[in-house]
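Number of protein chains: 2
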Amino acid sequence: MRRFSHATRHVVRSTRVPGVQLHHLAKVQDPRGGLCAGEFLRDIPFVPKRFFLVFEVPNGKIRGEHAHKKCHQFLVCMSGALTVSFSDGEKTGSVKLKRFGQAVYVPPGIWCSQKNYTRDAMLFVFASDYYDPKDYIREYKAYLKWKARMSPL
Amino acid sequence: MRRFSHATRHVVRSTRVPGVQLHHLAKVQDPRGGLCAGEFLRDIPFVPKRFFLVFEVPNGKIRGEHAHKKCHQFLVCMSGALTVSFSDGEKTGSVKLKRFGQAVYVPPGIWCSQKNYTRDAMLFVFASDYYDPKDYIREYKAYLKWKARMSPL
Numbered sequence: 503m504r505r506f507s508h509a510t511r512h513v514v515r516s517t518r519v520p521g522v523q524l525h526h527l528a529k530v531q532d533p534r535g536g537l538c539a540g541e542f543l544r545d546i547p548f549v550p551k552r553f554f555l556v557f558e559v560p561n562g563k564i565r566g567e568h569a570h571k572k573c574h575q576f577l578v579c580m581s582g583a584l585t586v587s588f589s590d591g592e593k594t595g596s597v598k599l600k601r602f603g604q605a606v607y608v609p610p611g612i613w614c615s616q617k618n619y620t621r622d623a624m625l626f627v628f629a630s631d632y633y634d635p636k637d638y639i640r641e642y643k644a645y646l647k648w649k650a651r652m653s654p655l
Numbered sequence: 503m504r505r506f507s508h509a510t511r512h513v514v515r516s517t518r519v520p521g522v523q524l525h526h527l528a529k530v531q532d533p534r535g536g537l538c539a540g541e542f543l544r545d546i547p548f549v550p551k552r553f554f555l556v557f558e559v560p561n562g563k564i565r566g567e568h569a570h571k572k573c574h575q576f577l578v579c580m581s582g583a584l585t586v587s588f589s590d591g592e593k594t595g596s597v598k599l600k601r602f603g604q605a606v607y608v609p610p611g612i613w614c615s616q617k618n619y620t621r622d623a624m625l626f627v628f629a630s631d632y633y634d635p636k637d638y639i640r641e642y643k644a645y646l647k648w649k650a651r652m653s654p655l
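Chains A and B, in that order, are what the protein sequence lines are. Sequential numbering of the first sequence, starting at 503, is according to the numbering used here. Sequential numbering of the second sequence, starting at 503, is according to the numbering used here.
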């Protein structure tokens, strides 16, 4: 345990896919323990209506593999490591979350999946909307058609 | 890993201190892994503006030890175990969170502290307001005076 206080600020970086952001949550470490924090609308670009935590994913399993029409998501690595892949139908990107506090902001209209969960991986997700099956696009072909309708030439 | 799906609903129980609630988050376990979820205003009594995660708390350290005047908090055990104690100045209660998904709702005006963190304990907290040092009452005597002013005979 460190004897001095150590703090990092919230950091946001863009990715190869427009709108998708890589975040590092702010951390404070002092003799009483560690604290990692974030504020909605200030650090995280929306206010959540829902959250969920994914855990004990068997190695080899892929989760996600869908897009949301309206829902924003913010994926935070809580422990272990996993890979988050994302695409807007043209550009694709991928990031390995391997430290507690690393996060990905996924705006609506992005195809996203998660894989290579380590045994101890825990992924915490904030969502801007309540669960609504109508907001999901679960087939990639249907996603590309939907994207084409949303972005006419 | 279980081969069948297993789900539990969100459960809320009252405690000895009026307003303070013990929650168990809903869980779904299936061959793709585990999922634990909650919805704000439906399961959790407020919409958060802030969250923080407490981790690597040295054994013997006590955290919290304050009350909020206006801010609601929802404390979720993410891993390990810890004890949450709470009081309204008259009645006191305590609960050991020892399973992932066990949580305590702490309304404004409750004195609250956390102790007996195990080495692997992680406590996730949702707060209804942004950080504001003026909302904290950090001394128990001052808290009792504030309570007396809030609840005149």
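Just so you know, these hints were derived from the structure itself, not from any lab. Treat the hints with care, as some may be off.
Note: identical chains are not told apart, hence a pair may lie in one copy or across any two.
Only pairs whose alpha carbons sit at most 30 Å apart, straight line, appear in this in silico DSSO-like list of lysine-lysine [said to hold, decoys possible]:
hint	residue 1	residue 2
1	Lys636	Lys600
2	Lys529	Lys649
3	Lys571	Lys529
4	Lys636	Lys529
5	Lys529	Lys647
6	Lys647	Lys600
7	Lys598	Lys551
8	Lys529	Lys551
9	Lys571	Lys593
10	Lys572	Lys600
11	Lys636	Lys551
12	Lys551	Lys572
* Enumerate the violated hints, using their earlier numbering and listing them in ascending order. => Per hint list: 1, 2, 5, 6 violated.
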